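Input sequences plus hints: build the corresponding full structure.
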Amino acid sequence: MTVRKNQATLTADEKRAFTSALLELKRNGSYDRFVTTHNGFIMSDTDSGDRVGHRSPSFLPWHRRFLLEFEEALQKVDASVALPYWDWTVDRTTRASLWAPDFLGGSGRARDGQVIDGPFAYSTGRWNIDVRVDGRPYLRRALGAGVAQLPTRAEVDSVLAMPVYDMAPWNSSSGGFRNHLEGWRGANLHNRVHVWVGGQMSTGVSPNDPVFWMHHAFIDKLWADWQAKHPQSTYLPAAGTTNVVDLNDTMRPWNDVTPADMLDHRKFYTFDTEPVAAAASQR
Amino acid sequence: MNKITRRQALGTTAGALTVLGLTGAATSIATSAAATPAAPTPPGTVDEVYQGRRIQITSGGGGHHGGHHSPGQPTVRIDGRELHIMRNADGSWISVINHYETFTEPKLLARAAVRDLQGAPLVPFGGVA
Chain F
-3 MTVRKNQATL TADEKRAFTS ALLELKRNGS YDRFVTTHNG FIMSDTDSGD RVGHRSPSFL
57 PWHRRFLLEF EEALQKVDAS VALPYWDWTV DRTTRASLWA PDFLGGSGRA RDGQVIDGPF
117 AYSTGRWNID VRVDGRPYLR RALGAGVAQL PTRAEVDSVL AMPVYDMAPW NSSSGGFRNH
177 LEGWRGANLH NRVHVWVGGQ MSTGVSPNDP VFWMHHAFID KLWADWQAKH PQSTYLPAAG
237 TTNVVDLNDT MRPWNDVTPA DMLDHRKFYT FDTEPVAAAA SQR
Chain C
765 MNKITRRQAL GTTAGALTVL GLTGAATSIA TSAAATPAAP TPPGTVDEVY QGRRIQITSG
825 GGGHHGGHHS PGQPTVRIDG RELHIMRNAD GSWISVINHY ETFTEPKLLA RAAVRDLQGA
885 PLVPFGGVA
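Those protein sequences? They're chains F and C, same order as listed. Letter by letter, the first sequence follows residues -3 to 279 of our numbering. Letter by letter, the second sequence follows residues 765 to 893 of our numbering.
Just so you know, these hints were derived from the structure itself, not from any lab. Remember, predicted model here, so these are calculated numbers, not experimental data. Each hint should be verified, as a subset may be incorrect.
[To be verified] Simulated restraints, written as ranges between beta carbons of each label pair:
1) C:GLU869 - F:GLN71: 32 to 38 Å
2) F:ARG149 - C:TYR814: 35 to 41 Å
3) F:GLN145 - C:THR809: 19 to 25 Å
4) F:GLY36 - C:THR822: 21 to 27 Å
5) C:ASP843 - F:GLY36: 21 to 27 Å
6) F:GLU270 - C:GLY855: 39 to 45 Å
7) F:ILE112 - C:GLU812: 31 to 37 Å
Ideal Cβ placement from N, Cα and C applies to all residues, glycine included.
Structure below.
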């Protein structure tokens, strides 16, 4: 069974195995297909039209399935690898070990934003940005430039406290847990982290930066934490909603998986720290 | 200081009112001639050079790139290349360059894209360059 760990706790060997598997997916062409898929959805998901991957209730199950597919691809390269998650409420500075040269490398240089250390620096010749929205072929970051602060634990807790999964009109203007976690309203969690990292992470081709997977693995864990905290709450809407993926509707691009299939992550993986059920918690 | 600010503010307001007055007059002539209800004022077009890049925004073109967007959405170009933009339900805007950050109007979105691009050209939508 796959165990997803906090990236801060990985051993040197685990970091090496993870980055090596990423480089192999990049080399064999699999990686860029994930970037293309994500960008296709981000450009076509609209508030007033069909929406699947973003700005809609299926934001969470869609990304859970997307990450599962990516993790399976990694495991074909190295069966020992699992997606780590980045708890940006704790590891919230540019000095976090996440950004060290033995893992993801650091921020970009001032002149052109280019990441110049670590396994994904352009100079290695192994991480060219091919699926792109502008002419630049190198990985870029500007950690902390687009927005000064990553979300705090208190901000996360305020969103986890919301008891309703999602609300009409089921888009970027909705109330409820999903849209506050996604960040179009309120404290702004998920969206703000993309902006904090900068570079490709702030664009439609954000999976070009390997931190995309660790950010979304943590968003996915927060969904699991929310479920444990609100055992009576479930995915909404239930049925019959125009342009929106209801509980038992299939999701593009797979067309054989529904939000209902994605509700229990323990069918696929566990976390190093599993959420404690609300009944047993004092919170 | 306070007086100057106040006078400047009044001056600006008077100027803006004059412009609005002239626009209103022109509109009312046009609509009475056509004998149709006044159409909503289309958002202004933009053609400016910002940090050395040409930003062009034309209103209501829509219909580009396989009809991703509702008609009537403005088209934004940077040095002639189209920037993929999207309107949020609350009226704010995002682009493919700044996809997780909202802007109150397309011009601000285009300027943010120019700053991010640092001189790089846009490539066709979703394409592998």
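Hint-by-hint comparison with the structure:
1. The hinted window of 32 to 38 Å between C:GLU869 and F:GLN71 is violated, with their beta carbons roughly 46 Å apart.
2. Range check, F:ARG149 to C:TYR814: Cβ separation about 39 Å, and the 35 to 41 Å hint holds.
3. Restraint check, F:GLN145 to C:THR809: a C-beta distance of roughly 37 Å breaks the suggested window 19 to 25 Å.
4. A hinted range of 21 to 27 Å for the beta carbons of F:GLY36 and C:THR822 is consistent with their spacing of about 26 Å.
5. Taking 21 to 27 Å as the suggested C-beta distance range, the pair C:ASP843 and F:GLY36 conforms, at roughly 25 Å.
6. Taken as a hint, the range 39 to 45 Å holds for the pair F:GLU270 and C:GLY855, whose Cβ atoms sit roughly 41 Å apart.
7. As the Cβ distance of F:ILE112 to C:GLU812 is approximately 34 Å, the hint placing it in 31 to 37 Å holds.
The structure does not agree with the numbered hints 1, 3 stated previously, though it agrees with the rest.
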